[in-house]
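Please build the complete structure, drawing on both the sequences and the hints.
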Amino acid sequence: EALEAVAINGMVPDMTLIFDIDPAEGLKRAAARRGAGDSADRFEKETVAIHQRRREAFLAIAEAEPDRCIVIDASADPETVENVVTAAVFAVLEKRMPVQRKQTAPA
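In terms of the working numbering, the sequence shown opens at residue 5 and continues consecutively.
Calculated directly from the structure, the hints in this document are not laboratory data. Don't take every hint at face value.
Quick list of simulated restraints, FRET-style, between CB atoms [as the list claims (entries may be wrong)]:
{"hint": "1", "residue 1": "E29", "residue 2": "L7", "range": "23 to 29 Å"}
{"hint": "2", "residue 1": "T90", "residue 2": "R33", "range": "38 to 44 Å"}
{"hint": "3", "residue 1": "M15", "residue 2": "D77", "range": "25 to 31 Å"}
{"hint": "4", "residue 1": "S43", "residue 2": "A92", "range": "32 to 38 Å"}
{"hint": "5", "residue 1": "V85", "residue 2": "A61", "range": "18 to 24 Å"}
{"hint": "6", "residue 1": "T20", "residue 2": "D45", "range": "19 to 25 Å"}
{"hint": "7", "residue 1": "K99", "residue 2": "A40", "range": "25 to 31 Å"}
{"hint": "8", "residue 1": "R59", "residue 2": "A36", "range": "17 to 23 Å"}
{"hint": "9", "residue 1": "E29", "residue 2": "N87", "range": "16 to 22 Å"}
{"hint": "10", "residue 1": "K32", "residue 2": "L7", "range": "35 to 41 Å"}
{"hint": "11", "residue 1": "N87", "residue 2": "R33", "range": "16 to 22 Å"}
{"hint": "12", "residue 1": "I65", "residue 2": "V85", "range": "17 to 23 Å"}
The structure presented is a predicted model; accordingly, all values stated were derived computationally and were not measured. Glycine is no exception: its CB is placed at the ideal position from the N, C-alpha and C atoms.
In structure tokens form, the structure reads like this:
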């Protein structure tokens with residue numbers, strides 16, 4: 005928490021999307037995205053245990069701050085994840101800036 009406080013310098017986002025996936029599956033996907041000659045980046049080189057601890061930390065933040073954090077099941081197919089993200093973002097925007105809908109007579 006102390007490190008986070010320094011990193012954010014008192015600024016807190018209105019909304020945080022947390023893409024949750026089993027670390028082993030996430031690393032498998034990252035490896036599949038790499039080109040033949042590309043090497044793993046520094047995050048991909050970390051152990052599954054480190055990724056699991058990081059995942060648990062993010063989920064703890066989400067549990068502690070449910071009004072700000074939205075956990076997205078990133079193990080779903082990309083289209084489903086996209087739809088969930090879109091719905092979540094629009095739901096938050098709707099709460100913050102309600103759209104004034106015009107009533108129109110049917111044509």
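Verification of the hints:
Evaluation of the 23 to 29 Å hint for E29 and L7 yields a pass: the beta carbon distance comes to about 27 Å. For T90 and R33, the Cβ-Cβ distance of about 21 Å falls outside the hinted range of 38 to 44 Å, so the restraint is violated. Take M15 and D77: their Cβ atoms lie about 28 Å apart, and the range 25 to 31 Å holds. The hinted range of 32 to 38 Å is satisfied by S43 and A92, whose Cβ atoms lie roughly 34 Å apart.
For the pair V85 and A61, the supplied restraint of 18 to 24 Å holds, since their beta-carbon distance comes to about 21 Å. At roughly 22 Å, the beta carbons of T20 and D45 sit within the given window of 19 to 25 Å. Checked against the given bound of 25 to 31 Å, the beta carbons of K99 and A40, roughly 46 Å apart, lie outside it. At roughly 19 Å, the beta-carbon separation of R59 and A36 lies within the given 17 to 23 Å, and the hint holds.
A hinted range of 16 to 22 Å for the beta carbons of E29 and N87 is consistent with their spacing of about 20 Å. In this structure the supplied range 35 to 41 Å is violated for K32 paired with L7, their Cβ-Cβ distance being about 29 Å. A hinted range of 16 to 22 Å for the beta carbons of N87 and R33 is consistent with their spacing of about 19 Å. Distance hint check: the CB atoms of I65 and V85 are about 20 Å apart, consistent with the given range 17 to 23 Å.
Checked against the numbered hints given earlier, this structure breaks hints 2, 7, 10; the rest are met.
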